Structure formats: structure tokens, C-alpha cells
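K.L.:
Could you slot chain B onto chain A? The hints should help.
Sequence lines, in order, name chains A and B.
Going left to right, the first sequence walks through residues 10 to 298 as this note's numbering numbers them.
Going left to right, the second sequence walks through residues 7 to 313 as this note's numbering numbers them.
Everything labelled a hint here was simulated from the structure, so no lab data went into it.
Computed from a prediction, not measured in an experiment: that's the story for all the values here.
No residue lacks a Cβ here, since even glycine has one placed at the ideal position from N, Cα and C.
Hints are not guaranteed to be accurate.
[Unchecked claim] Selected chain B positions facing chain A (in silico; Cβ < 7 angstroms):
(1) 29
(2) 34
(3) 41
(4) 44
(5) 90
(6) 133
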Amino acid sequence: MHRSPGLRKAYGKTIALGGVDVRVEEGRILGLLGPNGAGKTTALNAILGLIPCQGELRVLGRDPWRERDELMRDVCFITDVSVLPRWIRVSQALDYIAGVHPRFDRAKAEDFLAKTNIRCSSRVQELSKGMVTQLHLALVMAIDARLLVLDEPTLGLDILYRKQFYDSLLNDYFDRNRTIVVATHQVEEIQHVLTDVMFIDRSRIVFARSMEELESRYSEVIVHPDKIAAARALKPMHERQALGRSILVFDGVDHQQLVALGDVRTPSVADLFVAVMDIQVSQAQGAAQ
Amino acid sequence: MNTQSKAISGSSIKPHALSPAAISATRRMYWSVRRELWENRSLYLAPLAVAALILMASLIGMIHLPAKLSDPSLNPMQRQQLIEQPFTFAALLLMFTTFIVGVFYCVDALHGERRDRSILFWKSLPVSDLTTVLSKAIIPFVVLPVVTFVVTVITQGMMLLLGSARLVGSGQFASLGTRVPLFQMSGMLLYHLVAVHSLWWAPLWGWLLVVSAWARRATFLWATLPLLAIGYLEKITFNTSHFSSLLMHRFLGSPKDVASNGSDMSMASITPSPGHFLNGSDLWIGLAFAGTCLALAVWLRRNREPI
Chain A
10 MHRSPGLRKA
20 YGKTIALGGV
30 DVRVEEGRIL
40 GLLGPNGAGK
50 TTALNAILGL
60 IPCQGELRVL
70 GRDPWRERDE
80 LMRDVCFITD
90 VSVLPRWIRV
100 SQALDYIAGV
110 HPRFDRAKAE
120 DFLAKTNIRC
130 SSRVQELSKG
140 MVTQLHLALV
150 MAIDARLLVL
160 DEPTLGLDIL
170 YRKQFYDSLL
180 NDYFDRNRTI
190 VVATHQVEEI
200 QHVLTDVMFI
210 DRSRIVFARS
220 MEELESRYSE
230 VIVHPDKIAA
240 ARALKPMHER
250 QALGRSILVF
260 DGVDHQQLVA
270 LGDVRTPSVA
280 DLFVAVMDIQ
290 VSQAQGAAQ
Chain B
7 MNTQSKAISG
17 SSIKPHALSP
27 AAISATRRMY
37 WSVRRELWEN
47 RSLYLAPLAV
57 AALILMASLI
67 GMIHLPAKLS
77 DPSLNPMQRQ
87 QLIEQPFTFA
97 ALLLMFTTFI
107 VGVFYCVDAL
117 HGERRDRSIL
127 FWKSLPVSDL
137 TTVLSKAIIP
147 FVVLPVVTFV
157 VTVITQGMML
167 LLGSARLVGS
177 GQFASLGTRV
187 PLFQMSGMLL
197 YHLVAVHSLW
207 WAPLWGWLLV
217 VSAWARRATF
227 LWATLPLLAI
237 GYLEKITFNT
247 SHFSSLLMHR
257 FLGSPKDVAS
267 NGSDMSMASI
277 TPSPGHFLNG
287 SDLWIGLAFA
297 GTCLALAVWL
307 RRNREPI
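So that you can see chain A by itself, here it is in the shape it has in the complex:
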């Protein structure tokens, strides 16, 4: 649904995002993960036409940098918490978006707002941080967009608001015609929502799988202490210690083989992320030596 072949953006000397070819289909929710400074926000900003980038970038068939305003008829984004102007009244925000956006359904936004404590006469500065996010989500969900981009949309919110945010997104908004791309550090909370994950490290995509693939390919085994040598012989991609037990992550090893070694489960996205990032670090060290 959006493609970004050869996406590059130079920040001083660092190429923030080296050649990347991303293609996401309709009806998918892609989680974008990476350590701080990995280039997530840069990539998303380039996709949204907020910053220029080297190389060719097409989103929904358009060049975001040159055609941002046309693109925004089909794309919606929340790239930061609390970017709604503090002076605006809720009713004014509704009026304005209804005035300029061809795909905004005002009644829908009002329905969402009716379920919250937000009154139409309130100004944004009178709302709590969580309510501002609710308001922004209500505005965004009332826009019939094909691609929704979220960059840390729930940063700094308490867990109730965070859960509510993703619940309403999933229940009231998401359908087969839409694509959602979300970048966040709070991956545990949203991994049940995602259909695809992508890890970015130092401007490169180091891992990209669908959740189905992730479940069928990767296994995490809490190995019995006496089977550790046998387990290591199967070439785990990652090994870590927890509570005196060794936890090994395997890629593409037969389930039956692993059951004999210990407790087998599917690794969480967070565990897999840690494993992949450790590999990246050791590879970089290897290259340096």
C-alpha cells in the first residue's frame, strides 16, 4: 500500500534511513520498532511529506514531499502527543476539519466524543493529556483514510488511556481497507493488535515478518539445565539467562525437537526484538574487529 524504495534522509553526516523498500498491504497493522535514534520517526516523517528525502518515495502512488496536501486526503497521522493547538475549542476543531477535509465525517467524530468526558465547548488547554489524545483519536477516526500513521501516539499516558486508545482503534476504526503503521516502544501492549512487525536499527530494516510467520518460525525455549549442550547444538539465534535458567530463541527449528529440550513457547515481539538487536550489536562489533 505504500512503497518507499531507496528512501534516504541525510541528517548531517548520518544517513538516517538507508535504502529501504517497504510495501504494506491493505488491512495490515505494521508495528515499527527500533532503538532510540534508529530512524523510525525520520522514516515516518518522510512518508508523511514532513521532510524531504533522497531517492524515490511513493506513498499511495504519490510523492509525499511534493504532494503532501493531496496525500493527506487519504492519509492521517498522529506523530506526537499533544500537537493539537491549545487555544482551539473542540467545536472549532470539528468545524475546521469538516471545512477542509473531504473525507471527514463530523457525526462520527461527535459520536466518539459523546463516549468521552470531552465537551464540545472546551478548549484543548482545559483537557488533560489523556483527553487530548482521545480527542485527536476521535478526529482522526472520523476521517475515512486509507493509511493511518501513528508515531508514539500514547507516550506519557497512563495504561487505561493507552489500552482504550488501541481498543477503539481496533474496534471502531480498523477494517480491511485500511492500513495502520505504528511506531512505539510499548510493544508488549500492542503486539496482539499487530499483523506485521518491522525492526529498524541504524537506519536499516533488520527484521520484517508477519505475525503468522513470527509464530510459525520462531520458538523460545526455557531449556532444562542438563539439555543445554544439545540445545546449543541446534544453533539458537539468541541466548539469555533469566532466574538461573537459559532461554534460547530458535529460528525455524522443528517444534518436536525443541519440546524435548524444555518449555517451548512463541517469543514475544519484545523478546525477539532484544534478540535481533543483540545480534546487530555483536555483528557490528565483529565488523569493527
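P.N.:
This is chain B only, laid out in the frame that chain A set:
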């Protein structure tokens, strides 16, 4: 080197099933200008507050009006001046107010949205940078002159009513209405607003908007100090003052041909004659400069990131 390709599932770039109800450029502009008025209520509240003050002051001043007018030592010309002066003064005060409001508006127009990061919200809507910058430029070029005109005419009308009532109350039946050429004054005011506030000061508005789009902080200083610095450098290096006289000519004096007769505070004395005004190259150079500034402001809004 870093190139890596990964396709997640297949590709599908299909045209959207829905065809959206088109929103015309005029409508987007209309809502963008309304947005500016929501955000900057001082654009009309400040002149209204000043108008209220003027009315209060003229109410107090009128207590002695009948006595002053019946002073036998006045010749008809002086008497006429005594009557007209408060009206001209009201217009000047309101124009000064909206000028100050305009300067502060422009300095913050493209800076405020980057400072509070709300630009990220505005940019998530299908409104181009060109529309946004133009909607902000419309405020000093069109909205403020219109606000000034309407508020001034209403204020002057009310002053006229109050003055007439006072004179009638004191037994002087000579109506003030026949002595105050209100229509003529309004026509002059409208011409002055268009010629000076919109067109002659266009480079000022353009410059302020461009600084507002460019500066990361201290927009007001960036808008003023470089101009002073250029004038100062010119003075110490070439011992000339072309740049500062250019600025003085533009912002303090009105176009050259004005017949300045010192103490006369009539609108005509600070307004250029149409023929001279339109024929002079100064006006057109100024407008070209303003146009360049606006184009630069559009480019900057597209390129600048939130502060």
C-alpha cells in the same frame, strides 16, 4: 551499501473506491482565515476595546463642546477644525492600534505553530503550505484594513450621534451632521487603508511573515535588529544612510509627494494622491519584495521542522 529490500506480502496500489466530495480552494481558504480569527481574537478585540475608550473619552470631552463652540473669538475655519479633530483623531488611533496588532500577528503567525508543535496537526490535514501562508497574509493585507474601516466608521457614527445629542440638549440646534463630512471622511479612510496599510506597507508584512517562518526564537528581534544593523554598517563603512532613509521613507513617512503641513492632522495629509502613488516605482518594487517574501515563507513552512 545499506540497501535491503523486503516486501511484506504483495503490492496493491488501487485507486480509492470512494470519490471524495471535492472541497474547493476557496472553501479551504475561507476556513483557514476563520481559523486565524479564532486563534487571534485580538485582531478584532483590540480595535473594539480602543473604540470603546474613544467613545468614553469623547463622551467626557463633549461636556464642554457647546461652550467651546459658542466662543465668539473663533473664526468659522477654527470652529470647523474643532469639530472635525476628534473624528480624525479616532481614525488615527484605530489605525495605529490595528497596525500594532498586525505587526504582532505577523511576527507570530508562522512561528507560533512551530513553537507549540501544532504544525504537525495542521500538516496532517489536506491544506497546502501555500493556502496556509496566504490565509495568514490575508490578515494584514485584507482583514485588518476591513476591521479598521468598519470599527472606525461605526465609532465615528456613534460620536456624531452623541455629539448631536449633546448640542441639541444644550439648545444649539445647528446639527453636527451637516458640519462633519462623514461620508467624505470614510471614503478617504478607505483609500488610505488600501493604499498605505495594504499596498505601501506590503513589504513590511511580507518581511515579518518570512522572519516568522524562519526564526527559531526571538522573532521580533530577528525582524528588527538586522535592519538596524544594515543601516549602522552602511553608516560606518560608507558614511551614507540610504538604507535607513529607505526604511524611514517606507514605514514612517508616506510616499514623497505628500504635502506635509506640519500640525494639520487630517487624513489627506498622510495619504498620497492616487496618480502619484500608482505611477511611482516605489510601490511596485515594494509589492515585488512582498511577493518574494511570501514565496519564501511558503518554502520555509514546507521545510522547517517544529522547534
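K.L.:
Each hint needs a verdict: does it hold in this structure or not?
P.N.:
Structure-based check of all given hints:
1. A least Cβ separation of about 5 angstroms between residue 29 of chain B and chain A falls short of the 7 angstroms threshold, and the interface hint therefore holds.
2. Hint status for residue 34 of chain B relative to chain A: holds, with the closest Cβ pair at about 5 angstroms, below 7 angstroms.
3. At about 6 angstroms, the closest approach between the beta carbon of residue 41 of chain B and any beta carbon in chain A falls short of 7 angstroms, and the interface hint on this residue holds.
4. Hint status for residue 44 of chain B relative to chain A: holds, with the closest Cβ pair at about 5 angstroms, below 7 angstroms.
5. The beta carbon of residue 90 of chain B comes no nearer than 41 angstroms to any beta carbon in chain A, farther than 7 angstroms, and the hint placing it at the interface is violated.
6. Hint on residue 133 of chain B holds. Least Cβ distance to chain A is approximately 5 angstroms, under the 7 angstroms limit.
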